[in-house]
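J.: Spelled out, the chains give:
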Amino acid sequence: MSDLETYRQKAAAWLESVAPRYNAKVRYGLSETENLALGRAYLKERFDAGFAGINWPVEFGGQGLGHLEKVAFEAEELKHGMPTVFFGISLGMPVPVLMKFCQDHAFVRERVLKALKGEEIWCQLFSEPAAGSDLAGLRLRAEQDGNGWKLNGQKLWTSWAHYADYGVIVARTDPTVQKHKGLTYFWVNMKAPGVTVRPVRLAAGDSHVNEVFFDDVRVEDTQRMSPVGGGFGVAMATLMIERYVATDSGGFGPKLDHFVEVARKAVINGKPAIEDGRIRQQLARNYAMRSGLESITARAMLMMQAGMEPGPEGSLNKLVSVRSRQKLSELAIDLMGTAGLTFDEHASHSDDWAMSWISAPTGRIAGGADEMLLNTIAEKILGLPQDYRPDKGVAFNQIPA
Amino acid sequence: MSLLYDEGQQAIATESRRIAEARSKPEALLALLETQGEYDAGFWTMATEQGWTALAIPEEHGGLGLSLIELGLVAFQAGRTLSGAPFLTSGYGAARALLESGNADLQGQWLPGLASGEVIGTVAFGEASSPLPETPSVSFAGGKLNGSKPGVLGGVHAGLAIVLASDGGTPVLVAAALDGVARTTQATFDNTRCLAELHFADTPASELARGQAALDIALTVLAAQAVVTAHEQTGGSEALMERARDYANTRRAFGQPIGGFQSVKHRIAELYTLVELSRANGIHAASRDGEADFVKAAAAARLSACEAYDTSSRDCVQVHGGIGATWEAGIHLHMRRARSLAVEQGNSFYWEDILVNRILGDVA
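Chains A and B are the protein sequences, given in the same order.
For the record, in the first sequence the residue sitting at position 121 is 121 according to my numbering, with numbers rising by one throughout.
For the record, in the second sequence the residue sitting at position 54 is 1054 according to my numbering, with numbers rising by one throughout.
Among chain A residues calculated to face chain B with C-beta under 8 Å, some are:
hint	residue
1	Ser291
2	Ala298
3	Ala306
Calculated directly from the structure, the hints in this document are not laboratory data.
Remember, it's a predicted structure, so these values are computed and weren't measured experimentally.
C-beta: ideal position from N, C-alpha, C; glycine also.
Using the sequences and the hints given, assemble the complete structure.
T.: Right under this line is the structure:
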């Protein structure tokens, strides 16, 4: 047995041992506050068991292992639906970026430990009302204020900002240069005076994203994590860290077995749905799509194990899987008839078709809209031209409105 | 077997690509379309000289003792350059049937010739639109075959056919030498596939398997051919995606390369997703040969490969505009090949059912 497989089994055994206290089933129906409390307790246990910060440096409190061990653990953890959602962004991007770009190592170490134990949460303040896909078009200003900075403006779609202790933020420090050259990257204290967090309710009824207002928020120059004007590069590096995460060929919707269950129970014009060619075709096509994505992932893991750089095809998982989940969820609801219209606000998108369906649009937009992912494939992988960009080479404050 | 190509396999990929590209002549392929029963003989000679016909046949029978993975790599290149004489797949299918049946005499008789390419092999399972009929109309009795098999791949030239027949209602799998067997060349839109209807009239044949065993072997052979074909289809899809990309990068309209328009670039990016899913499923299926889930993996590979090749044919023409629809541009060679390959190894309805039955656990 390979070392990785041994590690996976060790992880699986530990997860199995704590699952009865934390998994999706036992938490069913709990409030968000109760879930968050359990989430913090789970992270503390995970830290004590040595499964936190798996691929992070030991000097910062990590385990010093590889991406493979991290992904193996995550894949096992995903099976249980542990209460990790509040910490996904925090540990996924801002904290790793802090380790990489913040010079104050004592401060970083303290933050990393608290984040790993679930005691503190970090958010990522990138998108704005007028800057989503076009991140470099952001407007929130950072102006010099004595030996520090003053932030004014608004962020939007900030996940878990309402629970966050800290955040990383990209701000415009110079509007007179090209848009991506006038940005600077900071960390901010979310409890600082002038920070206002207002949850935004999404179509599914939940409010995990927020709008965050900054009114004369003071930031020290020691909180700057990029050169002045070099923030876009650090922002891109933040998004690149996401490469090594467990993927799901079902787009984080219900498993295909779940669809089979629905189809086995359903009847179409007096005949079993599972014998209906329309249903069988969708089942077959979705299976083929998922097995292709899983093979891509398995190959990438083997390449990493062999010390090679995985191919760019790993980037199509989200594009392909989430939009398929959206359509399959529609089909499952159809199959269930009016019973499919039942809505349970406590249900999870990973095992309930209605919740999967109504929350799917978020998946197709957050972390790169389908159209941006297609642009990335076309431009970065295939070498096709960039779109026509009237803002190119133009100072930010001269871009036609 | 691994999803990751080892050094030897990578060398086969590189070398077969170099050779296939060096002798690729689209004009010659266009001319062949207007003939009947002819194929790219130069390619076939080269394939036999390179040992491609021997790749997946065991060493004790004159083969190289490699696997579906290596054969798939070669088929991929043949697909890229459209150079497939059909016998690479059908010859392997015939060899595989002999290997699965475990009949040592017949293996000794036929496998060395199939490995060297001296014998052109094929399989004749399907009738009408059914790729694997449980009670075929072709009969086998007293060691003799009678009846007709339509649409036999490479049937114009094959010297050996593995035939699915019926012995008083029981399915039997038999091997028949085709010397003296009458055949009708079938004019198709992809003539180099050399499809023929074989007319058996008291044709001597040797039994390989009977009953459920015959059907099981036939399905395994069909699945193996489908996996080889999936690699060929992925190769064709990739070539079309690249051709569309290259054209979109150079052809200018409205003051810029047309690839700068999202309607065009996204179409090509979508092809990339189909090509990669097809490739991944093909590699996975080849690596599962001999395992319990092989047929299931082959079915998934078949579905994604057919979708990728048909879609990239359609879209590559569309990106080219009018020029793409001309005879001379030759993209229709891929259109024709895509449709032929999508039907030759069993249509999508057949494979969807094969896959769904296995997902449902109705079949192990």
